[in-house]
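J.: Chains as they are written, first to last, in this note's numbering: chain Z, 6 to 341; chain S, 13 to 428; chain P, 9 to 303.
Restraint-style ranges between C-beta atoms, simulated for each label pair: (1) S/S215 / P/M136: 49 to 59 angstroms; (2) P/E154 / Z/S196: 35 to 45 angstroms; (3) S/S351 / Z/K221: 14 to 24 angstroms; (4) S/F241 / P/V212: 20 to 30 angstroms; (5) Z/K221 / S/D358: 27 to 37 angstroms; (6) S/F241 / P/E205: 17 to 27 angstroms; (7) S/G36 / P/T202: 51 to 61 angstroms; (8) P/T202 / Z/G100: 50 to 60 angstroms; (9) S/N384 / Z/E207: 36 to 46 angstroms; (10) Z/D224 / S/D358: 35 to 45 angstroms; (11) S/D188 / P/E154: 20 to 30 angstroms.
These are calculated hints, taken from the structure and not from any lab test.
Cβ atoms here follow ideal geometry from the backbone N, Cα and C, with glycine treated the same way.
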Amino acid sequence: MSKIPASVLAFEKKLVPSDGIMYGTTWENRNSQVTPLKLQEKSVRGTISNRLKKSEEGKIDAKIESANLQTVDSCALTPEQDTLKLSFTLKVLSGVENPSACNHEGFNQSYTQAVKQFMEKNPGFTEIANRYAANLANGRFLWRNRVGCEDIEIRVNVLNEGNERSRNFQSQDMDMRNFDNLPSNVIELGSLIADTLSGRNEFLLLEIDAFAKIGKSQDVYPSEELVLDKSNSKEKKSKILFDVDGVAAMHSQKIGNAIRTIDTWYPGYEEHQRPIAIDPYGAVTNLGRAYRQPKQKTDFFSLFDKFSQGEKLDAIEDEYFVMAVLVRGGVFGEKQ
Amino acid sequence: MLDTAIKKYLEDKKQDFLKKKIKGNTSEEEKLKFTQEANEKYQLENWLIDSSSRAKQLSLTSHPAKFVHPNAKASSIIASNTHRPDGLLRSGNVVVELDTFGNAAALDVEKFLRLELEDGRAVLQHIEEETEFIKQLFDTENTNFSSLRESFMKVKVSDIEQTSEKLKQIYFPVADDYHLLSVLIPSGLIYKLKERINALRFSDENKRLREEIKKASPEPTSGKINELFDLTSVGYGGTEPQNISTLNNQNGGVSFLLPSLPPILNKRNIQPPKKSFFVNCLWSGFFKEDFNDFHKMLIDRRNNIDIRDKRDDIVLNSISKVKWLINQIRDIGGNWSDSETYADLDHWEKIWLDEKYRSIRADKHQNNDYINKAQSYLANWFIGSYKQTIKDNKLLGNDDIDHIKEILKQEQELLA
Amino acid sequence: MKDILLIPNIKIHNANALSSPYTIGFPAMTAWLGFMHALQRRLVGTKFSDIKFTGVIVSCLDMTLHTHKVNYVSSIIGTSNPLDKTGKRPSFIEEARCDLEVSIAIECEMGFLGDDSFARFIDKTLHMMKIASGDIISFKPCQHIEVDNNEPRTLTRYLMPGFCLVSRQALMQQSMQDGSDAIDAMLEYLKTTTDIEIDEHKQVKKSKPYKKEKGWIVPIAVGYQGISEPGKLANTRDETTPHRFAESVVTLGEFKMPYHFDNIDQMMWRYQEYNKDDLYLCCNNYSINQQESKL
Chain Z
6 MSKIPASVLA FEKKLVPSDG IMYGTTWENR NSQVTPLKLQ EKSVRGTISN
56 RLKKSEEGKI DAKIESANLQ TVDSCALTPE QDTLKLSFTL KVLSGVENPS
106 ACNHEGFNQS YTQAVKQFME KNPGFTEIAN RYAANLANGR FLWRNRVGCE
156 DIEIRVNVLN EGNERSRNFQ SQDMDMRNFD NLPSNVIELG SLIADTLSGR
206 NEFLLLEIDA FAKIGKSQDV YPSEELVLDK SNSKEKKSKI LFDVDGVAAM
256 HSQKIGNAIR TIDTWYPGYE EHQRPIAIDP YGAVTNLGRA YRQPKQKTDF
306 FSLFDKFSQG EKLDAIEDEY FVMAVLVRGG VFGEKQ
Chain S
13 MLDTAIKKYL EDKKQDFLKK KIKGNTSEEE KLKFTQEANE KYQLENWLID
63 SSSRAKQLSL TSHPAKFVHP NAKASSIIAS NTHRPDGLLR SGNVVVELDT
113 FGNAAALDVE KFLRLELEDG RAVLQHIEEE TEFIKQLFDT ENTNFSSLRE
163 SFMKVKVSDI EQTSEKLKQI YFPVADDYHL LSVLIPSGLI YKLKERINAL
213 RFSDENKRLR EEIKKASPEP TSGKINELFD LTSVGYGGTE PQNISTLNNQ
263 NGGVSFLLPS LPPILNKRNI QPPKKSFFVN CLWSGFFKED FNDFHKMLID
313 RRNNIDIRDK RDDIVLNSIS KVKWLINQIR DIGGNWSDSE TYADLDHWEK
363 IWLDEKYRSI RADKHQNNDY INKAQSYLAN WFIGSYKQTI KDNKLLGNDD
413 IDHIKEILKQ EQELLA
Chain P
9 MKDILLIPNI KIHNANALSS PYTIGFPAMT AWLGFMHALQ RRLVGTKFSD
59 IKFTGVIVSC LDMTLHTHKV NYVSSIIGTS NPLDKTGKRP SFIEEARCDL
109 EVSIAIECEM GFLGDDSFAR FIDKTLHMMK IASGDIISFK PCQHIEVDNN
159 EPRTLTRYLM PGFCLVSRQA LMQQSMQDGS DAIDAMLEYL KTTTDIEIDE
209 HKQVKKSKPY KKEKGWIVPI AVGYQGISEP GKLANTRDET TPHRFAESVV
259 TLGEFKMPYH FDNIDQMMWR YQEYNKDDLY LCCNNYSINQ QESKL
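With these hints in hand, go ahead and build the complete structure from the sequences.
T.: If you want it as structure tokens, here you go:
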């Protein structure tokens, strides 16, 4: 199939998370008393832990003495607190069948038709939406804060006027490696998301409160900031954490990345045994690897060229992947 | 006559060439060969033939597309907007030179075209204006001016054939239709701004005065120190500024952004009050300027409407700052006032400030009349703090106090 | 009387703070009018399609710019670009973002419906929109209010506690008429000056740092200037609309507390009528009126 004829093509994201704000509390009083977590600035002396060169071995004492003083941000619970609370909102939007920009009318029509066909399928968006729901319920968005928790509870409130409803999830029980055998309340939440993505409902507003019992005085991990500093100042901090008005926080992008970690359809899942975030090339940042290679025609662009122009894809899983990339949004026109 | 700048340019090129070719172990014979080669190559006539043929690899432009996105392929525009004293920063209202992008191997051609000759005009300008001087120089045995001119002028061809998805394309309403605008960055302007900012910050006058002040025994003098605060740096092209444009490379790929921020206060350290909002949260330094203005107004009082309006303005200024503080405390969330720490805080203040009581605030029967209380406390606070700050209360009459209370009553929505 | 659609306390996440290539901070005026225009387009085909939006007032209640100050000059805090197909990070394009809370008042023409169905329709629609490329996180219910242009407090009470941006283009215009170029005319009003005097007794006297003009004056982006002729070319967003290359246009503005206005029009921004020239601008008449009142 030929390349898509639109040189300008863009989609808005359909899952819109806010930044996540971090609070400290106790497991017993988690619903009544929470305190915003502040960042601490510490000075630490860098240590020498890298392997020394042969010529440096004799100078280890001198090296250790001259190790740089570094300033870093950190964040932790107080000795009274044993539980981290992370709060954010998530907006789910309909309208994936309409690109936000497209400069080819014929393509626009074939695309919209392909998406509408997908929406009418069963399970269609339900499979994708259930996975998003699972990633809210399992607390994947807590990232490193989820590791080694004694207990995790997630509360998801629907805020849409007239449909307010609250659900609790016990995250510890959920399997993070696949999306099989999801609990019924997750499927319930998934069907709300699917209704919106398929356009049966215009938008869905969710409020998520996550409680992770991580233990007294334990470190918590807000997002790290990427400072585009061009100076070589000595006062430069080596680690800057993210805060919202002085309260430790998680970037909305980081939360979004966790929610769309639903791709188990990529080549290599058998081996890796972990879902990866939806990405056109199946790229995984911390592995520096892209699982969906254009050579094997498993990347988004190869599949989208076919799908959007009315050709059938080999597997329904490929359609799931394509639709999930469109939900993520992006600029897909000009040659990448 | 060969212009000295051109002469020096060719001589430098020759030396660079030889430096590259001749190493420590180069034989005398080879040295001679290279020197001959260099003499030939950088003889004016040959140089003109060679450089004019490479000129097409370069584009002069006022708005290089790569500033927006390093992979953007769009036309090379040369803007020609006219100057008007219309109060707008835009192309046409500042004199800047054109930027260049293109094959790095042809950048020596650019340097040649930009050489400033004895009369202060650049080579390119001479070529454009077809001066007698350049005509004579370019008409040689093997070259003629008009064909050289044609080749060199290719750097100024402004082709407008394509835009790019990488550029922001904006619909702007125009009567009943739209125009679609692909937004580019005028590199000449942004780096001219940087130059002026640096000239202002590091002026000789600033330096002279600062040094004088530092001295143990300064000389009598006077002058002005000028500063620009809260600048932000922005980078183009990351670690490879040369890929964006010549001007970008010359500036290390970094330009300055001026702050365009509202006077919003830093709220990082706002905490709920432990005893009373008026005592714990309304530190008078925050309102000092309002009190000073208020005092000035009282001194300057004439009983005309302007002054009365101004009195209202000042009081309202303060109230809106108070409102801002209230909002910040409410933003902290609900339930904080349940903690032991806030045991001494009056119940009506808890209703007023804790989001937990949001719905109660709307309920007349339960809200403990918090608005009336807030209003009267605030009036007392304003008058008390004014007196304390100014240490002169003779000017404040009873009617002023009544008036302040009256404004607060009118604007009590703000405290709700 | 004016009909105003009031959208109180909108929180916007990750809005574009690179308002022009010369400025960072509050989103460009074009973004706010662009939002108004986008909202107008949402009315097409509904029972509210007769309502016309004619101007916008923006009061900024809160703003956080994502920059980090190391020394004298701040740096932008970026987001990491997605990896490419080789798993590498592509070259960087710096994008500055901010979080905002604003109250917006939109001036409307044509009769409102008696009930609150219009306000409720806007409530619903807003959830699906963006402002200045940022996500709308929350807002308070919209209201329709009727206000008298000469009684600004009937409106401004809803815009507190915030700051409204107005144009001070006349300041820069004057300097340019006096012979400065656009950059100097602008910096003249942005620089902070300290007078230094050292007397015979070696006493150093420093004045309080001051600026040329009172008030919180900032550079603001107010529109675009076309730098090529309108026409057709490849890779445009659509093939029918006339296309031009353009650049941002910046002038001086001032953030003022809403209580300081004599009438509502002083705060209002509108699209300037296009004169078939190079300029695509948003305009505000505060500056002009100030000029007149001085005469």
